[in-house]
Amino acid sequence: MAAPTIEVDSLTKQYREGWLRKRGVDALRGISFTVAPGEIFGLLGPNGAGKTTFIKILLGIARKTSGQVQLLGRPAGDRRGRRLVGYLPEHLRIPSHHNALTALEYYGKLSGLSGHEIRHRGGRLLELVGLASRAKDGVRKYSKGMLQRLGLAQALLHDPQLLVLDEPTDGLDPVGRSQVRAILKQLKDEGRTIFLNSHLLLEVEMICDRVAILNRGQLKYVGPVHTVASRTNGVADLEVHLEVYGNEPRAREALNAVLIEAWEPLGEERFQAHLRLPDQTAVDACIDRLRANNISILSISRRRVSLEDAFLQMLEQEDEA
Amino acid sequence: MRPYLAIVKDSFREALASRTLWILMVLITLTLLALAPFSYYEVLTAGLHRGDITDADDFIQQLRSSAQETSASPARHIWSLLDEKTQEKLQKLERPRRDAEPPERFAYQQTIRELQDQLDSLMRREDFFHAESWQGVNFRAEARRLTTTEPSKLSREEIGRRNRLALEAAFPELIRISRPKSTQFTYLGWNVSWPLPFGATQMQEQLFPWILFVLDWVVGPVGIFVAVLVTASMIPQMFDAGSLSLMLSKPISRSLLYISKFLGGCAFIVIAATVLFGGLWLILGVRLGIWNHKMLLYIPIYLFLFSIYYVVSAFSGLVWRSTVIAVAVSIAFWAACYGVGSAEWAMRSFLLEPQRITYLVATNDSILTLDEFRVPHVWDQESRTWQEVFLTEQQQRIRNQFPVPLPEFVGKAYDSSQDRFLGIQRDFGGGRKLWVGQGSDGWRRLGGVDAPSDVMGVFQEPSGGTVIVNQSGVQRVVGDPAAPKKPARLFGLEKLLPQTQLFEDVSDNLPSFAEPRAASIDARSGLLAVYSRGEVYMLALNENDRYGIQRQTRLQKDEDEPALVAVGANDLFVAFKNGDVFEMDVDTLKVRRVNRLEQSSPPRFAHASPNGRFVAFVFHNGALWLWDGDLNKFTKPRIAGQGSISAISFPSDDEVLVADRGTRVRRYQLGSWDLQQQYAPEMELLEMVYRYAVLPLYTVFPKPSELYRTSQFLITGKETQPLENDEDDLSQPQAKLYPWRPVWSSAVFVLLMLVVGCIYFERQEF
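First to last, the protein sequences are chains G and P. Quick note, the first sequence lines up with residues 7 to 327 if you use my numbering. Quick note, the second sequence lines up with residues 2 to 767 if you use my numbering.
Looking at chain P on its own, in the form it has when it is part of the complex:
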């Protein structure tokens, strides 16, 4: 081994003697020095920031109404603190109509911004909170402590915090619940940001993915490109007359000489990557408290990434003995990899994934589904295709023009007694509408009445009723949401009003369910399970036909962690984003076990069978787990498509519908998992091109540009990655990282290229 170690050592020596390396080192050091002064400190969350008012219309309306009231209330007190000019503006403020001109919309938004700014400054004042006005308001523990303390004993920061909590308590549905601490970033001791609405832990959690993003998409490609440029000459230089002959006259193997030279070339990136990532790791740890030792894994990952390009550069240098050609071929190789990867990504992302079924339910005579773009379909047995249904004209128009996702359904339920689907869908303007459609009517979309805000879910009660669980409690649908609206004249304008009151609040002294929150129903008993910030509530109908708290418990879990809830016959499950599934006794709410079903993927959906024996969990990585209440255990069924399962539904107590591989739905017998029926459309031409041409090519091609998947998986431990901004909404789609795919394909490529290079070098005469 001595001669080959000498070659590797010589490459280190060469790298250290290289001026380019030192220039790069200086640049890296300067970058690290520039980043080092970044720091942060925590402050109590106070004030009001843009976006903190979740429903400005409603909030302003409440303030305006309070002006007429005589009794003290938070709204009235706040109104009294506003200056006259603002009061006047608010009195006149009207939400612009949909077809309003941009200046009118802008003026409306401007007034809201002014109100927010004024409230923000008012909330720094001691007199913002007035105990009498807040009488009867439910406070959280932190708020109770601050509002009962003498103001003189509170710091300015604490007064700001008290005021914020008081506002949240007074308007639980309209003001976003804040975290206790905010983060203030500094540079060289100067504040460089406004207080960001999360504490240090959340900051670290949120910042870290961005750091990884920059490392993967900016630092990585630039660094690799520079490294390839610098090292491209190493192999061609070996062929200089008088140099190669001497090397080959030594008692060494040509193959090992080539491999040693290749490994030696990697020495360059080892030195540069160690300084860069070691420095970043130190800065993040010392300055921002992010001590993630896994970040040092970037050094071997970058080395591997570099080796993929370098093996091409080395082979080109071996064949053509020219640095310029080696660089050109490396760039062409990058372009080829990028092209194949992009083609696969584009076809998968724009063609296949949007069609993936994320919700399905067996209707009386077919199957109704929603896909990733929230487009409803029903199965047409005759044509064996999924037919689009239940779209508004506007949605149909949009779909015809742009392949964009439709607004999300925040709640949906199927009422089998009436063969009716109810869905609360956001609209493009930011509101929420309740829509209904009936199978017998061809799933024509009817209704469109304004639905309650902050919906957790829509559920069918055993009695046949439909309830909506939201932040403020439980609302029952009492009218007919499909009934046509009645024209009415209001302030001289004609408006369409629902015929009757549609929703009835059936909450009995329920608290405000703060985020993160989730709800589910036991279809047999009608018990509602609600999870909210670490608390689990079992809600039951009381003698007044209203939902009250039957039992309540607190889970030992980070209250910011998003979760799903599912109720079985005897079991209640709370599945958290980090993969922990709390298994609880439904009668006592005692935690029996904490399961970890999928190590590296969050759950996406949870459903219970009608009799409550089975509870299914679908994870973002496409895995399906099933709880069998009779056997008291979880199993991962060995069925086709396991790993690509995207939705599940229980049409009866002994059958299950499973959506896999995008658009295929299979009906299985529960227990035996015998296949009963399959609903799978014929493959279209583009899909065939993808499956039989693009995908095989992509599979065998090296994937250097996808190594970010590996690094992200190794560092975060997550196998899936949120695609949309709201990563705390577990139902939102997440991209499966396939973290080892780029490693295997690239490793095979590197080995193959080395073997080919060795054979070429062995056979070549010089």
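Only chain G is shown next, with the shape it has when bound in the complex:
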């Protein structure tokens, strides 16, 4: 098995605040997870959860308080490790005296590329992000979306093994987002690892293989995107909406084994029920039991619990706790 691209073990970070820097604020509280090569990994969490702090530690911009972070087999912040990372920061700012070509030349050289390599790859990347026709325009004329795409190009310029993207689709229109998703998919197909930090949970759900959820510096979940919901409420990740006709006690008896979230009478012997079921087998079993108890099914609809629902539910549970 290949070594993890990112390996985090009991990572803590405490900031010192106040005039005398005596007050400690825990930004990360002993988080541990790994990111495997070739996967798209999402880091989720509300504002102040510690996501940006984690990325800063990963890239050596901030120092950890304790624990271990390995990046491509080297301690986080190591210059050789950073050479293999492409980074797109949130709120990217490219100095206004640049155009796309000079910006790529500048950041490419900071990554250690030669002029020839920059010219060779830069044109292709600008085509890829859709900026080739505006390459010589000053960045001061760029929209936020164009800047974001240029940022993505510079992150890809030195052919990194790991891409760390902080809100990569921020400011992009739907077409732009779709393009970025396509690019990320292509990169994944090329075997690159992508570490994504985004507030757009739908995006994460669409792109990521696995996610980690941080809240108040603690890791709440790490695993595949489609199991976030089951982790949140125990088992269920399907939401089923039923409208049935028949005897109420018998209907309830048929559904006794499952989680009934809501039960609402619609008329004489007509009821509406909201169920949470773990999978399609459970849905089928429910239908079989209803029919065996002579209950008519007037309508049935089902939908998978979204990442956003699960995320919000997780935070609510955290707050209640």
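If you're looking for bench data, these hints aren't it; they were derived computationally from the structure. There's no promise every hint is true.
What the hints assert, rightly or not - Cut-off 30 Å, straight-line C-alpha distance, at most; resulting in silico cross-link-like pairs (BS3-like, lysine-lysine):
| no. | chain 1 | residue 1 | chain 2 | residue 2 |
| --- | --- | --- | --- | --- |
| 1 | P | Lys182 | P | Lys295 |
| 2 | P | Lys434 | P | Lys90 |
| 3 | P | Lys93 | P | Lys434 |
| 4 | P | Lys295 | P | Lys558 |
| 5 | P | Lys93 | G | Lys150 |
| 6 | P | Lys10 | G | Lys147 |
| 7 | P | Lys434 | P | Lys558 |
| 8 | G | Lys191 | G | Lys150 |
| 9 | G | Lys142 | P | Lys10 |
Put chain P on the given structure of chain G with help from the hints.
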């Protein structure tokens, strides 16, 4: 290195994209274009300008007297050319008394100005020179050629020149000797000045220091201030969200990132300074013929100067991430440097340097000195202090009110047989007086009789006599200058007259010694050595007890170069302002060697020991060199205070007195340099504050405002700088530039600040 070069290159790109840089470039270009039309051309020096008559009273007197004469003379001819109104005014003219009202003084000066103006116009006329009237007048070679040429074959310019030379020859002591060529400045082809009384070479020499002054004190500070304003935002901008994170995520060192950003900031000044100084260098070379390639050194010097301020601005930007604070801290830093530098300069200039001994002589029972303010002192062994002596009441009054220099002593000598000091001192009114004082009389100042003009020196003859060597020859002091003056009535007014004739001209057919000039005496043989405009004369007493030329030679040297003369037993030395010391055989006047003792400092004093074996040279940078006639070589004695030596004297054949560190005098055994005795006053409170507080602080503080010293040294090659107007008078004080001091202290500061900045940046979390 690639990432860091990219950062520097990016700064250049940023600078070129900056609107401010282009505005500055346009301003620089406009300034250069405005200067470009300046030019000059040379003309023959003619006419008479303000200040050319050195002694107007005497000159007018000679003109007036000639009116009564019957024989032809230059004065009579000139008098005849003056209009009647002027003649009438001159006949009535009397020098106003000292207590005269300002209108009376003004009227007197006005008449002199009118005379000068009229002479100036007369000297353009062909008939100004009249051969018969000038018969018997000694002409210089140039004058001989012009006065013997038919006037019709002379151009108007040459006639003007001939007339000027004729006037100089007729009144050698009263009319300033002019240089052959004058310089006329033009702008866009128009004359914008009157002909300045020096040729192109002298113009270039005189103009260049002014150019340096403007560059150092006007262009530099303004340019640096603008540069600091413009670049102050570069480091704080680096901390913009989304910019710094991206930079720090790259595989680069934070320290080198900071240093590269710092160097990149300097790109701005490189571009601006290259255009400015490159342009000025071209204009000075093409238009004024001043091709001084060293001027291009201003580019790196300015870069260094800028880096001193920028390192502060960058560090402030790093810590506070604010452009406004970076600018404010830079200004505060400038103020601090300026404050410390000014405090050091003020205390040194007003407290210590005025007390520095510039002349000393061992008297029969003490030591007599003069300091930089020409205040005489004697050493009081009991109180171990220098006691002021030999001051007139007026001088005492002035000293009590203002710490200003007293007028200079143009000649001084100590007569050990009578324990008497003789000094010819200028007075505040412009005259010269011979004063004497005796040790037994507490050095009370006596005499005050008018002394000859243009004195080169006062010397003690081996026979015990005192002679004064001046422009027109040698005068012997024959009366008693200390004797009280006798009241006499003259034209109804009571005047104080000396009892007897005090000076006797003992010159035997000596030429007029034109400037630059210097004289010295061999205390053993009594031979007088005189240097004047490239000529060296050995004057000896003849059978008539008068000084005549015994030998004469011409040195291969620019005749405008000021020099000092010293005579040893077998050796004669002429030390020039540029540092060349001509070593000559005293019997043949053949040049044996030309030595260069101090590379970058002119000599200030030269003295020979009584037996002539040793000849000492004190340089303006405080260095002492000693010629040993027995060993035939120069040495730089390894004694305390070498580098701060300001005066020397030989009390005997085997002892030497050396003044160093301002007010300390040490008596050494010659040869072994064993210390015999020391005369050093206790340190006063202010001096202690200077030495133990101000000076250490100043030493460790960066000195950006003193980098002009470095630039001036690199460009002129001179380690010292004249403080007064008459920089051709080598005895006048010169400021030691210490050219490398601001470089070292500032370089250490810049490095230190960069290291601190790097450590801060490395340790900081973002």
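For each hint, the structure was consulted:
1. For the hint pairing Lys182/P with Lys295/P, the CA-to-CA distance comes to about 27 Å; that is within 30 Å, so the pair holds.
2. Between the alpha carbons of Lys434/P and Lys90/P the distance comes to roughly 29 Å, so the proposed pair stays at or under 30 Å and holds.
3. Pair hint Lys93/P plus Lys434/P holds up; C-alpha atoms about 27 Å apart against a cutoff of 30 Å.
4. For the given pair, Lys295/P sits about 24 Å from Lys558/P by alpha-carbon distance, which is consistent with the 30 Å threshold.
5. Among the hinted pairs, Lys93/P with Lys150/G is inconsistent with the structure: their alpha-carbon atoms are about 94 Å apart, more than 30 Å.
6. Straight-line distance between C-alpha atoms of Lys10/P and Lys147/G comes to about 23 Å, which keeps the hinted pair within the 30 Å bound.
7. Restraint check: the Cα-Cα separation between Lys434/P and Lys558/P comes to about 34 Å, which exceeds 30 Å; the hinted pair is violated.
8. Straight-line distance between C-alpha atoms of Lys191/G and Lys150/G comes to about 22 Å, which keeps the hinted pair within the 30 Å bound.
9. For the hint linking Lys142/G to Lys10/P, the alpha-carbon distance of about 18 Å falls within 30 Å, and the restraint holds.
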